[in-house]
Structure formats: structure tokens, C-alpha cells
Amino acid sequence: MSVRRTAAGVIYVGRDGAASAGANASAAASQEVAEVLVTGSRIPRTSTSTAAPVTILDDEAITERGYVNLGEMLNQVTSNVPSFPISVTSGFPAGSGATSPNLFNLGAGRTLTLLNGRRMVTSSSGLGDRTVDTNVIPTGLIQRVDIVQAGGAAVYGSDAIAGVVNYILKDSFEGLELDAQYGESTKGDYPRTFLRATWGKNFAEGRGNIAVDLEYSKTRPLLEYARRRTAEGPRNVPNLANRTTTDGIPPTVWVFNGHFWSQNYDGVIFQTNTSLPTGLLRLNGGALQFSPGGQVIPYDTGLIQGTSSTAIGGQGLDVRENSTLAAGVERWNGTVIGRYDLTDSIRLSGELLVGRQEGRDPYGTQQIFRTAGSNAVAFNRNNPFLSAQDIATLSAASPTFAAGGNLFVSRRFNILPTRERYSRTETFRGLVALDGDFAFAERNFNWSLSYSRAETDGTQRVWTPNVQTIDRALNATRNAAGQIVCSINADANPANDDPRCVPLNPFGSQTASQEAILYVSVLQGQNYKNTQDAFLAVMSGDVINLPAGPAKFSVSYEHRAESVAFRPFEADLRGLTTTGTAPINRDGEFNTDEFAGELLVPVLGGDFTLPFVEALEFSGSYRFVDHSLAGKEEVWGVGGRWEVGYGLSFRASKSRNFRAPTLDQLFAPTFAAPGNPIGTDPCDADRINGGPAPATRLANCQAEWARNPGYDPLVGFQDPAENTGLVTITSGGNPNLRNELSETVTWGISFQPSYIPGLTFTADRIQVDLTDGLSAFTPASFLATCYDSSPQPADICATFQRNAMGHIIAARQTTFNAGKVLYRGEVYNFSYRFPIGRFFDDADFGTLEIAAEATHTTRLLTSVTGFDSSRSDGTTATPDWRVRGDLRYSKGPLRLFYSVYYLPSVKAAFTDTIETNPIPVVKANYTHTISAAYEWENYTFRAGVNNLTNEMPSFPTRTYGDIFGRQFFVGVRARY
1 MSVRRTAAGV IYVGRDGAAS AGANASAAAS QEVAEVLVTG SRIPRTSTST
51 AAPVTILDDE AITERGYVNL GEMLNQVTSN VPSFPISVTS GFPAGSGATS
101 PNLFNLGAGR TLTLLNGRRM VTSSSGLGDR TVDTNVIPTG LIQRVDIVQA
151 GGAAVYGSDA IAGVVNYILK DSFEGLELDA QYGESTKGDY PRTFLRATWG
201 KNFAEGRGNI AVDLEYSKTR PLLEYARRRT AEGPRNVPNL ANRTTTDGIP
251 PTVWVFNGHF WSQNYDGVIF QTNTSLPTGL LRLNGGALQF SPGGQVIPYD
301 TGLIQGTSST AIGGQGLDVR ENSTLAAGVE RWNGTVIGRY DLTDSIRLSG
351 ELLVGRQEGR DPYGTQQIFR TAGSNAVAFN RNNPFLSAQD IATLSAASPT
401 FAAGGNLFVS RRFNILPTRE RYSRTETFRG LVALDGDFAF AERNFNWSLS
451 YSRAETDGTQ RVWTPNVQTI DRALNATRNA AGQIVCSINA DANPANDDPR
501 CVPLNPFGSQ TASQEAILYV SVLQGQNYKN TQDAFLAVMS GDVINLPAGP
551 AKFSVSYEHR AESVAFRPFE ADLRGLTTTG TAPINRDGEF NTDEFAGELL
601 VPVLGGDFTL PFVEALEFSG SYRFVDHSLA GKEEVWGVGG RWEVGYGLSF
651 RASKSRNFRA PTLDQLFAPT FAAPGNPIGT DPCDADRING GPAPATRLAN
701 CQAEWARNPG YDPLVGFQDP AENTGLVTIT SGGNPNLRNE LSETVTWGIS
751 FQPSYIPGLT FTADRIQVDL TDGLSAFTPA SFLATCYDSS PQPADICATF
801 QRNAMGHIIA ARQTTFNAGK VLYRGEVYNF SYRFPIGRFF DDADFGTLEI
851 AAEATHTTRL LTSVTGFDSS RSDGTTATPD WRVRGDLRYS KGPLRLFYSV
901 YYLPSVKAAF TDTIETNPIP VVKANYTHTI SAAYEWENYT FRAGVNNLTN
951 EMPSFPTRTY GDIFGRQFFV GVRARY
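Position 505 of the sequence shown, counted from 1, bears residue number 505 in our numbering, the numbering being contiguous throughout.
Hints in this document: simulated from the structure, not taken from any laboratory.
Quantities reported herein were computed from a predicted structural model and do not represent experimental measurements.
Each residue gets a CB set at the ideal place from its N, CA and C atoms; glycine is no exception.
Any given hint might turn out to be false.
[As the list claims (entries may be wrong)] For lysine to aspartate or glutamate, the following EDC-like pairs were computed, each having C-alpha atoms within a straight-line distance of at most 20 Å:
no., residue 1, residue 2
1, LYS654, GLU570
2, LYS632, ASP593
3, LYS170, GLU205
4, LYS529, GLU570
5, LYS654, ASP390
6, LYS923, ASP912
7, LYS201, GLU330
8, LYS891, GLU849
9, LYS170, ASP59
10, LYS529, GLU614
11, LYS170, ASP58
12, LYS218, GLU358
13, LYS820, ASP769
14, LYS529, ASP686
[Said to hold, decoys possible] Derived Cβ-Cβ restraints for the label pairs, each shown as a range:
no., residue 1, residue 2, range
15, ILE210, SER628, 36 to 42 Å
16, PHE608, TRP936, 51 to 57 Å
17, VAL336, ALA439, 39 to 45 Å
18, PRO384, ALA180, 24 to 30 Å
19, ALA804, PRO499, 28 to 34 Å
20, ILE749, ASP533, 38 to 44 Å
21, ILE584, VAL336, 37 to 43 Å
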């Protein structure tokens, strides 16, 4: 048995024969099991000897599937909700390409990310959730990834509610390794390039080691036209055949080749500013539009679907031109790690990580909207951009226009300098550590001191219309010299002149001058910087020798200081990008002092056993947190493990975990935005008898109306603020926030029999109950909480205001401690690795590994207000089962791999029926992967195919399956 210390002060005992609970880690031929510092505790133990479930992935899980970053690998973990840098539907941005783990779909901010057991600075922009982009982590130095499923706050602190993902790096890399890989889809698009160089060397007769890893990867964007699912232009429209809510006929139907009939890039002409087909201007029965050059021509509306905005075919805006399907991501990473043994018992080590990630979404902004039913451009016969022929045509179609009245042009101005949404993140992290061990009173002790400084600098930018200049540019006239100029520069009021104003032709997509485009466009965005300084001191060792073995302890102290600076661009600060209150520069900081301790007590074990009790141990952990903003908190965990014998053991744990509010949730500045709908008013006649307690809601509404007799009658009351922009919504931080808390319970079994070498099976039940959840309260949330509570909370009911008629005119939006989450499920892991010759007289037929992993979610209930509730288990968001099966075969230099990822048939939403959704249940989905690798001298050649059967996501989703389709990859690794 060998013993060595890592740079993080981790003690590895018995390197040979480690058997993992994870489906991707190979079981060992040897019966000796390694004792390591598995994530979830600072006391060394094996993954199958922990009280809480832990999954371990090794570095081969990356290369055998052709992945270029660790986020793709984590997407294969069934307890993690896959994160894809794609648009969720037409018209939504595809994002920056950043991905973060989200265990059990409890939210990415409730999964803690560590590197070598220590925290990392957040990658999120501005003051968002504390998440770490997986693109930051170097793949070339990954030794393994530990995933603690549920809990961990008593050991690691805030955010470890759903669990912990810990990336463990190699600390003794030697030699030079070069790796190159290229892949693309079988359609010849979505190319993916990966290059890596890793070098390491021992020195000072093995007392020291230094390793350098350099990586580059790039994936190009994928547009909606590129995949059949989105290229078909699917749209969900009203079903004209539907009559009642009990007739078995869905309210909507899916159609293809969808277009937005009321708008296009050239301009659809309306006689009234309405989004109904009756508002179209027609001549001789046919609708009219402008040509790209600005002339009036006939317009084909396509087959309009009832009163919806969608038509089948026609010349309206094609929904497929609306967004990128997947963002492109380019990343550069550089990592240096080193260690040196100052003495036989003291080691100096360091880590340096620098990275840059760029995300590009070609359709990340949605042009300039001036569409019918809201803000279509009004024009009359005096508009200087109309020709005499156009005026005559329009006058023939509209006597009102002929008499000097207005018509309206509805279009999207596709005139921004570019529609690309660009994001950049640069990460720096430096760490220095001292680790050591000593013996005292016949007991062994280990200690570790570390300090790290980390920074994330980011930028997000996109072109957007200038809200202060667009109307000026569209209001054009001719001056005394006959030139077309902005009206503000030709009127009698010199005070409103703008010498920069350039008139913008509203007719046709090819008529805008470059000067006008620049006048009505501004660069919107933000720069942000996150910093983290962290000091960690840990001491562990033996407390006392018991008959079953030594009782072990760990104590730690952690001080962490974090800050964020948020700097909007100049255009944002000047209010050029919004009609509401302009954003301002924001800064925030906090520090925390945390004390933690763990104890592991073996009651039975070793030579001290009982029948059917080969080992029995209990563990406990405690953490005290003093947060400068969120205050003091105490969290804890207890666990136990009972080894029955014959490889069978039982384990259980219970813990209290927490998540501290973010700086944004606490101190975001006040931001007032007028002209918004509120969504729902509980006292509206359509809702007054609804909610979780209908009698309470009705009584509260009646009481308020009795106090305000001037309101519109409650019987039949309709609040127009539900759907029209009548409300000024004030957003901002809430300095009175508390930590959200969760209670987690796990219990399960582990089976690792010595009489079946290489077999590991674990099954664990997981229960999470979260209270005081940090909920994003919308006006509808405050209203529901006010009227569904008895007694009514005065502070909640004071967040909105009604006018003399009872209509909502002002409301609040902020974060509030009111949410609840309830999760119930199980995780299963199976791995059996064996030489095939075991069954054939020990002939050398190679080695086979059969592995499977599954997560079963039986309930996921979420409440924003504490009164409402919604379930997502058994839906596409959280399917009741996620299952992955793997087969690995190796013989000499050859390795073969096959994997299938299964998603069952589930509901689109938990309450869906045929009366609410035309496809209430989506089909099951299977994704198959194959690959092969062959070693020849210093080289390893690999190739594979992901999504072998080219199965698209289950209709009508984009993410319930693999939207990228069949992709191949080839790669080579050279070792020297």
C-alpha cells in the first residue's frame, strides 16, 4: 500500500484497485480499495464508504465521447440537468455558450463548484447567481470529477444544496502530451476543433513536479435553418375546431412553414394600428406591402391562422430568421501547477489558471420592432420618401389617406450594424498552499494552509435601437431647399434641433442610409469584474484509537472576501437603450468567516465485529458562518454506514444546508420601468375564485372593495393592467433577505462483493426540502401572496397600488424569502468490469465493462410565494427517469466504447391534457454514441460518432434529446 500527498493536502492511500460508485470509473481487478479524500468530507475514505452518495468520473469520459469541455461530460450525468447553449424557442437568444451544472434541476445557483476542493470565483455576469462556467476548467489535467449528490454545506459552505461538483487535477504529470481533435455534423456544419499541449516534469529527485497545460477549442454557431426540427418553421396556433374545454379537441395545433403575417423586413401596410387581419390595407381585395426598394406592391399574407400572429407560408417574417439555434464558443485556457517537498513532511504547492472564453450569437438581438398593434410607424401622404405613384396607389386604397389621414407600416427594421450578441469572460486564479503532516502522542495529523486570489473580467455587448433617436429619424420632411431632413430640424423651434439627426426611410429593407443606421443604433452592454480572496486552513487526524479503528476528525477555518463591479456601457447609463429608468454603475462586496468540524467514529470494524456487522460507523459535521451581509448561520450533517458483510452495506445521512443571497439580490439599485402588464390580478373576475385557498382570496378581495366603494364593481371586475402596459414596475434589491435553508435526507445501499471482483452497485434515495427560498417575486407573486394569505401581510400588500377604479397602476419586483422546493428521487449506479477470459479458462479475450447510471425523480414541487405550487416531475423539464448505459471493451492497444442515453415518454407540462396542449405527451428519446481508440507506440488514435441514429429531440421540444444531430470526431494524442 502506497501513501502520497497531493498539492491540496489530500492523502491518497492504496492507489491500486480503486472502485468508483460512478458509472464512468472502472472497477478494479484488485480487491484492495483506495482510500481518498472524496468530495463531501475532508476525512479520507472511499466513494462507497461515504454516508452520502458520491459519483466519480474519470478523464476517459471526455475523450471517449469526443467532448471539448467538461460541461458536455457533465451533461451525461443523469442527476444533472443538461445545459446546452441553444435558444429555447424562435426569437430567444442562444446565450454566451456558458454552461454550469444543475443537479436535480434545483437551479444552477444551488450546485457548488470546486477545484481541488476549493472554491472558485463566479463566472456569472454582474451580480447573478454564483455559478462557474465549465469552459474555465482545464480538461488536460483532469484526474477525476467528484459529484456529491445532495448537500455539502456543512463541509464547504454556501450554495451546496443540490450538491457539489469538484474537479480534481493531476499533480504528478510527467512527459509531453499533444492532443488534437476535429469534429462536425454529418451535414457538414457545426465544426468543433480542440487542441491541447500538456507538459510535466519531476525535479529534485522526485521531490518536485511542475506541469503546464495549454488548451484551445472552438465551436461555430448553428442557425435555425440548419436542422430539420427548426427549419420546418413550427408554430403553435389557435385550433379553430376547438369549442369547449371538455370536447377532447386541443385549443391549439402545430403548423409548419410558419410566418408572422403582420410584419416583415420591408413593411406591411395597415389602415389601422391593430394586429388583426381586418386592419390590413387592401386594394382590389389584396393586401399591400413595400418592396425592398420602398415601392408599394401586393402582399401575400399566407394562410392566416385565426386571430393569431402566424400564417402558413406567405411573405411575412419567416420564424426561422428569428434566432440562432446554438451559440459559437471559442476558449483558450492555460494552467500551471507545481509542488515541491520542502522537507519530508512539508510541501509547497501552487496553481495558476488563466482562461478566456468568447461566445457569439449571430442573431442575439431582435432588430428594431415597429409592428402593428403596438408601435407601427404612422405616415401620411406628406411623407417625403413616398413617390407620386405610391401616393396614388395608397390613395386609391384608402380615402382616409387621400384626405391626409394616417396609414401604418408594420415591420422589423433589420438595419442594426450587426445582430451578433458577443460575450467575453477572462478568468485568473492563483493559489499557493503549504501542506504537512506530523505525529503526536502516537497519532497522525495532517494540516493544510492555502490562499487564493481569483478574478473574472467579462464583457457583454449587442447593438440595439437608440430609443431617443429612432422617432426623430422616422419623422422626416422636406426643408425649404427640397432636401429630406428630420422634422425637428425644419420646424420653428430651434430648441429641439439635433444636428446629428439623419432621416430614416421607413419603407423597404434596402433604403436606409449608413448614416441613418448609425444614428438610430447604439452599442448596449456591460463590463463586469468579480474578485475573490480566499484563505483556508484545515487540520485533520486521529482522535483516539478505538477497537474498530481510529476515530478521525477534521477542523477548518475559512475566510473569504468577494466583490463585484458592474459597469453598463455609456449608452445604457444615458438611458439610450430603455424607456424606463437607466441602469447605473453597481458595486458590492461581502466577507465571510466560517468554522467547520467533522468527526468520523468507527463503532465496529476490523477485528472488532458482530454477526452481520462487519463495520459500523457514524459521522458528523458542523459549520458556523458569519456573513457580513446575510448574518450568522449554523449548518450541520450527520451520517452513518453499516457494512453487513458479503460486500453489502447500508448508508444514510441527514443535513441542513444553506445558500446566501447574492449581492444583486441584496443591493440592486431601484429601477422604475413604466408601461408594463402585471400578468394576473387575483381579484379579477376570472381568478377571484381560484388560488390555493379560494375562500381566503374571495374574502380578502371583498374586504378591500368594501373599504374602497369607488372601485369598479367586484362582480365582473376586469383589470386591464393584466394584459396592457399600464403599470410602472419598480425593481431593485432587498437588503432584508435571509439565507435560504434546506433539509436533506439520503439513504441507500452499496454492494461491492469481493467474491465478484470488479462489481459495484449503489442505490440511494434523496429527499430535499427547501424553505425561505430566494424567489424572484414578480408583481403577480406579490398580489397572489397578499390575497391568498390570512391574515394579510401588510408589507407584501404595500408593494402595489390601485387607482380610483381598482386597477393596478404601480407594483414592485424584487427577491423575497418565500420560496419552497420539495424534491424526491433516487440515483442508481452499476459497474461491472471483468476479463472475458474469466469465463473461458482465463483465455485472453480482453476486458469488458458494463455500466449503467439512472436518476429517478418521483416529485419536484416548486413554490415561488409559499402559497402557489407547481410540479415538474415527469415532464420534459424533469423527466421521471434519466438513464445512461455504457459498454467498454479493451484488449491490448484497442478500446471500443458504446453508450446510450435514454429519456422516457413524459408530459410536456405536469398538468397538460389534450384540452390544454395538442401534444400533451412527448415521445421517448434515445441518443447513441460509439467510439474506438487504438494505441500505436507513442500515439493514440480515436474516432467516434455521437447521436449515431441522428435522432432529433422529441417534438415539439428542442432540448429533449440532441438537437445537433449525428456528429463524428477524429483525434490523435501523442505522448513523449
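Now the hints, each set against the structure:
no., hint, in the structure
1, LYS654 - GLU570, "50 Å, violated"
2, LYS632 - ASP593, "10 Å, holds"
3, LYS170 - GLU205, "19 Å, holds"
4, LYS529 - GLU570, "17 Å, holds"
5, LYS654 - ASP390, "76 Å, violated"
6, LYS923 - ASP912, "14 Å, holds"
7, LYS201 - GLU330, "29 Å, violated"
8, LYS891 - GLU849, "12 Å, holds"
9, LYS170 - ASP59, "10 Å, holds"
10, LYS529 - GLU614, "53 Å, violated"
11, LYS170 - ASP58, "11 Å, holds"
12, LYS218 - GLU358, "9 Å, holds"
13, LYS820 - ASP769, "7 Å, holds"
14, LYS529 - ASP686, "47 Å, violated"
15, ILE210 - SER628: 36 to 42 Å, "38 Å, holds"
16, PHE608 - TRP936: 51 to 57 Å, "53 Å, holds"
17, VAL336 - ALA439: 39 to 45 Å, "33 Å, violated"
18, PRO384 - ALA180: 24 to 30 Å, "60 Å, violated"
19, ALA804 - PRO499: 28 to 34 Å, "45 Å, violated"
20, ILE749 - ASP533: 38 to 44 Å, "43 Å, holds"
21, ILE584 - VAL336: 37 to 43 Å, "39 Å, holds"
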